[in-house]
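Asks: Letter by letter, the chains look like this.
There are 2 protein chains.
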Amino acid sequence: MSLSRLNNPHLDTMSSDFLYHLNINVACSQNATDIEQQFGDIRVICTGGTQKRMKELAIYLRPILGIADNSEPVDLCESGQRYAVYKVGPVLCVSHGVGSSTFSVVLHELLKLVRYAKCEDVVFLRIGTCGGVGVEPGTVIVTEKAYNGCLENVHEFPILGRRVRRPAFFAQDVVEGILGVGNQPKDSFEIIKANTMATDCFYEGQGRIDGAVCEYSEDDKMKFLQKAHDLGIRNIEMEATMFSSLTRKADVKAGCICVALLNRLNGDQVTITMEQKHEFEQRPFIIVGRYITHLLK
Amino acid sequence: MSLSRLNNPHLDTMSSDFLYHLNINVACSQNATDIEQQFGDIRVICTGGTQKRMKELAIYLRPILGIADNSEPVDLCESGQRYAVYKVGPVLCVSHGVGSSTFSVVLHELLKLVRYAKCEDVVFLRIGTCGGVGVEPGTVIVTEKAYNGCLENVHEFPILGRRVRRPAFFAQDVVEGILGVGNQPKDSFEIIKANTMATDCFYEGQGRIDGAVCEYSEDDKMKFLQKAHDLGIRNIEMEATMFSSLTRKADVKAGCICVALLNRLNGDQVTITMEQKHEFEQRPFIIVGRYITHLLK
Chain A
1 MSLSRLNNPH LDTMSSDFLY HLNINVACSQ NATDIEQQFG DIRVICTGGT
51 QKRMKELAIY LRPILGIADN SEPVDLCESG QRYAVYKVGP VLCVSHGVGS
101 STFSVVLHEL LKLVRYAKCE DVVFLRIGTC GGVGVEPGTV IVTEKAYNGC
151 LENVHEFPIL GRRVRRPAFF AQDVVEGILG VGNQPKDSFE IIKANTMATD
201 CFYEGQGRID GAVCEYSEDD KMKFLQKAHD LGIRNIEMEA TMFSSLTRKA
251 DVKAGCICVA LLNRLNGDQV TITMEQKHEF EQRPFIIVGR YITHLLK
Chain B
1 MSLSRLNNPH LDTMSSDFLY HLNINVACSQ NATDIEQQFG DIRVICTGGT
51 QKRMKELAIY LRPILGIADN SEPVDLCESG QRYAVYKVGP VLCVSHGVGS
101 STFSVVLHEL LKLVRYAKCE DVVFLRIGTC GGVGVEPGTV IVTEKAYNGC
151 LENVHEFPIL GRRVRRPAFF AQDVVEGILG VGNQPKDSFE IIKANTMATD
201 CFYEGQGRID GAVCEYSEDD KMKFLQKAHD LGIRNIEMEA TMFSSLTRKA
251 DVKAGCICVA LLNRLNGDQV TITMEQKHEF EQRPFIIVGR YITHLLK
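The listed protein sequences derive, respectively, from chains A and B. Letter 162 of the first sequence, counting from 1, is numbered 162 in full-length UniProt numbering, and no numbers are missing. Letter 201 of the second sequence, counting from 1, is numbered 201 in full-length UniProt numbering, and no numbers are missing.
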């Protein structure tokens with residue numbers, strides 16, 4: 001068992017910490033804190049884009065975790081007005097919005113929460129939707145290496161004015177663990193491991209030609225997507241590089257499970273029906289449910 | 001009067017467009033569309049981080065726009081589950097989440113919406129909170145030039161795998177227009193024009209030492225903030241570079257009005273009370289209300 005130690009010596013000198021976007025105040029100096037009592041049993045933190053999906057996941061996980069509760073899940077961070085946080089036994093389900101900028105804010109604060117609560121061996125998971133690259137809509141992709149929009153296998157961002165590049169890949173045992181329990185013959189869908197490209201822009205950054213601005217051709221776009229495909233990239237979303245690199249830097253394990261809503265080699269627009277979309281969105285739930293059962297055994 | 005033409009020739013060839021994250025379907029081929037009837041009168045689009053604040057802004061603007069309505073504002077894009085959109089006469093109030101990644105998605109779709117609805121001379125405004133650099137908490141800052149986390153006056157992001165750098169500044173007439181009506185002797189707060197730094201990371205990206213990860217010293221941080229201050233940067237948020245460059249590229253006017261919740265030269269944590277925060281958040285409302293009145297005269 002190991003506690004999350006993180007990678008910031010300054011935290012040891014703070015007498016209190018205000019997790020601003022979660023609106024949680026932590027009195028760091030006390031030994032047995034409220035935070036420890038409220039969140040100390042957390043073993044898995046599931047994150048995903050929308051509040052609605054995270055609430056649905058919390059409800060989905062209840063019977064799997066043996067929790068008999070039919071009440072409406074309570075958003076513990078509603079007063080913060082930015083991120084929704086639901087607790088289901090040892091699992092936290094947290095919304096992170098669209099893309100790395102919003103996700104990194106709540107991820108920093110969740111990593112600190114886990115440290116202050118003295119949680120042991122916490123695993124962070126992201127479930128999401130994505131564009132597929134050469135895979136059928138409905139395919140579930142578990143990310144191995146994450147590439148940025150320059151097709152580099154790093155997360156690059158400025159710190160104190162200088163570009164810093166950090167490794168961006170998920171722990172092999174988490175990837176194989178998810179694949180090991182996730183892949184069952186009875187399933188009507190495919191689950192694969194592959195590389196993922198994460199961009200900060202859904203339109204121009206992902207080579208779409210249907211954004212408000214587009215200064216390249218359909219042919220340029222297809223060459224770019226083919227280049228991504230050649231690197232083993234099978235899906236595109238907006239979080240995997242930041243997510244893998246920050247959790248790695250903070251020394252916690254993480255995994256990323258996304259379902260493809262379209263095959264970008266066939267077009268840019270999402271054309272599935274709302275019913276299909278809802279069915280597709282359930283697939284990462286199923287995989288996460290199995291993996292959490294396996295982790296908590 | 002000029003229509004928004006945008007900067008994407010592909011849009012002229014599409015028979016329909018699904019604004020996925022707003023969950024709005026547009027039949028581009030029809031001449032008098034539903035979209036034109038519903039949104040054609042829009043003159044100003046106000047954007048901001050949270051749904052709650054945008055709903056409050058919609059209510060705040062009603063009497064200013066002479067709209068007698070005490071009903072709960074309706075989120076027109078609730079079914080999209082990601083962004084809240086409220087219409088108050090000729091003004092749309094839209095939530096964009098935290099940071100450029102999430103804001104760029106909805107901004108692309110709003111720019112297309114405005115084009116399809118054949119709106120004339122639309123102005124996009126962002127109101128938000130920020131960290132001040134050498135200014136008192138509560139100061140309202142109207143952005144002139146926007147700098148990225150490398151302290152460069154550009155928005156840089158990858159398109160088709162290559163780093164593209166675009167100009168990042170707001171139209172002088174919008175800046176002066178806001179200052180001209182915004183600055184009134186009766187106000188109990190200061191409003192200034194200044195440069196703004198926008199980062200993709202709230203913690204390491206803005207030189208905070210209280211994130212989950214921090215590998216630099218307080219001294220390094222202060223040198224960085226001083227360097228920003230020397231460039232005329234008086235506030236830090238997470239959207240201004242993308243917002244100014246994308247609206248400029250799409251040939252629509254834009255302005256960015258933020259209130260500082262703290263002075264980063266004095267610390268990293270937000271320490272004002274919830275009451276103070278709420279009062280500070282009203283200040284951009286006041287300025288936007290005056291500017292909209294001026295625009296629609």
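Hints were generated in silico from the structure; no laboratory data involved. Misleading hints may appear alongside valid ones.
As the list makes no split between identical chains, a pair holds if one copy fits it or if it spans any two.
[To be verified] Quick list of in silico lysine-lysine cross-link-like pairs, BS3-like style, CA-CA up to 30 Å:
| id | residue 1 | residue 2 |
| --- | --- | --- |
| 1 | LYS193 | LYS253 |
| 2 | LYS55 | LYS223 |
| 3 | LYS297 | LYS253 |
| 4 | LYS55 | LYS221 |
| 5 | LYS223 | LYS118 |
| 6 | LYS221 | LYS277 |
| 7 | LYS223 | LYS52 |
| 8 | LYS249 | LYS227 |
| 9 | LYS249 | LYS186 |
| 10 | LYS55 | LYS193 |
| 11 | LYS227 | LYS87 |
| 12 | LYS297 | LYS227 |
| 13 | LYS223 | LYS297 |
| 14 | LYS249 | LYS221 |
| 15 | LYS227 | LYS55 |
| 16 | LYS52 | LYS221 |
| 17 | LYS253 | LYS221 |
| 18 | LYS253 | LYS223 |
| 19 | LYS249 | LYS193 |
| 20 | LYS221 | LYS118 |
| 21 | LYS55 | LYS87 |
| 22 | LYS249 | LYS277 |
| 23 | LYS52 | LYS227 |
Every value quoted in this text rests on a predicted model; they were computed, and no experiment measured them.
Asks: Each hint needs a verdict: does it hold in this structure or not?
Replies: Evaluation of the provided hints:
In this assembly of identical chains, LYS193 and LYS253 lie within 30 Å of each other by CA distance solely inside one copy; the values are 17 Å within and 44 Å between copies. In the homo-oligomer, the alpha carbons of LYS55 and LYS223 never lie at most 30 Å apart, since the shortest distance is 39 Å inside one protomer and 43 Å across protomers. Proximity of LYS297 to LYS253 under the C-alpha cut-off of 30 Å is restricted to the intra-copy arrangement: shortest distance 17 Å within a copy versus 57 Å between copies. For the identical chains of this complex, LYS55 and LYS221 are neighbours neither inside a copy (36 Å) nor across copies (38 Å), given an alpha-carbon limit of 30 Å.
With identical chains, the CA atoms of LYS223 and LYS118 are never at most 30 Å apart, being 48 Å at best within one copy and 34 Å at best between copies. For the homomeric pair LYS221 and LYS277, the shortest alpha-carbon distance inside one copy (25 Å) is at most 30 Å, but the shortest distance between copies (45 Å) is not. In the homo-oligomer, the alpha carbons of LYS223 and LYS52 never lie at most 30 Å apart, since the shortest distance is 36 Å inside one protomer and 42 Å across protomers. For a Cα distance limit of 30 Å, the shortest separation of LYS249 from LYS227 qualifies both inside one copy, at 29 Å, and across copies, at 27 Å.
In the homo-oligomer, the alpha carbons of LYS249 and LYS186 never lie at most 30 Å apart, since the shortest distance is 37 Å inside one protomer and 50 Å across protomers. Taking the shortest Cα distances, LYS55 and LYS193 sit within 30 Å of each other inside one copy (27 Å), while across copies they are farther apart (42 Å). Within a single copy, LYS227 and LYS87 get their C-alpha atoms no closer than 41 Å, and across copies no closer than 43 Å, so neither meets the 30 Å cut-off. Taking identical chains as interchangeable, the C-alpha atoms of LYS297 and LYS227 are never at most 30 Å apart, the minima being 41 Å within one chain and 52 Å between chains.
Taking CA atoms no more than 30 Å apart as the test, LYS223 paired with LYS297 passes in neither setting, with 46 Å inside one copy and 50 Å between copies. Proximity of LYS249 and LYS221 under a CA criterion of 30 Å is satisfied inter-copy only: 20 Å between copies versus 33 Å inside one chain copy. Within a single copy, LYS227 and LYS55 get their C-alpha atoms no closer than 37 Å, and across copies no closer than 44 Å, so neither meets the 30 Å cut-off. Within a single copy, LYS52 and LYS221 get their C-alpha atoms no closer than 33 Å, and across copies no closer than 38 Å, so neither meets the 30 Å cut-off.
In this assembly of identical chains, LYS253 and LYS221 lie within 30 Å of each other by CA distance solely across copies; the values are 29 Å between and 34 Å within a copy. In the homo-oligomer, the alpha carbons of LYS253 and LYS223 never lie at most 30 Å apart, since the shortest distance is 34 Å inside one protomer and 34 Å across protomers. Proximity of LYS249 and LYS193 under a CA criterion of 30 Å is satisfied intra-copy only: 22 Å inside one chain copy versus 38 Å between copies. When the C-alpha separation of LYS221 and LYS118 is checked against a cutoff of 30 Å, the pair qualifies only between copies, where the shortest distance is 28 Å, while the shortest distance within a copy is 47 Å.
Taking the closest pair of Cα atoms, LYS55 and LYS87 come within 30 Å of each other both inside a single copy (10 Å) and across two copies (27 Å). When the C-alpha separation of LYS249 and LYS277 is checked against a cutoff of 30 Å, the pair qualifies neither within a copy, at 34 Å, nor between copies, at 33 Å. Taking the shortest Cα distances, LYS52 and LYS227 never come within 30 Å of each other, neither inside one copy (35 Å) nor across copies (42 Å).
Hint violations for this structure: numbers 2, 4, 5, 7, 9, 11, 12, 13, 15, 16, 18, 22 and 23, all remaining hints satisfied.
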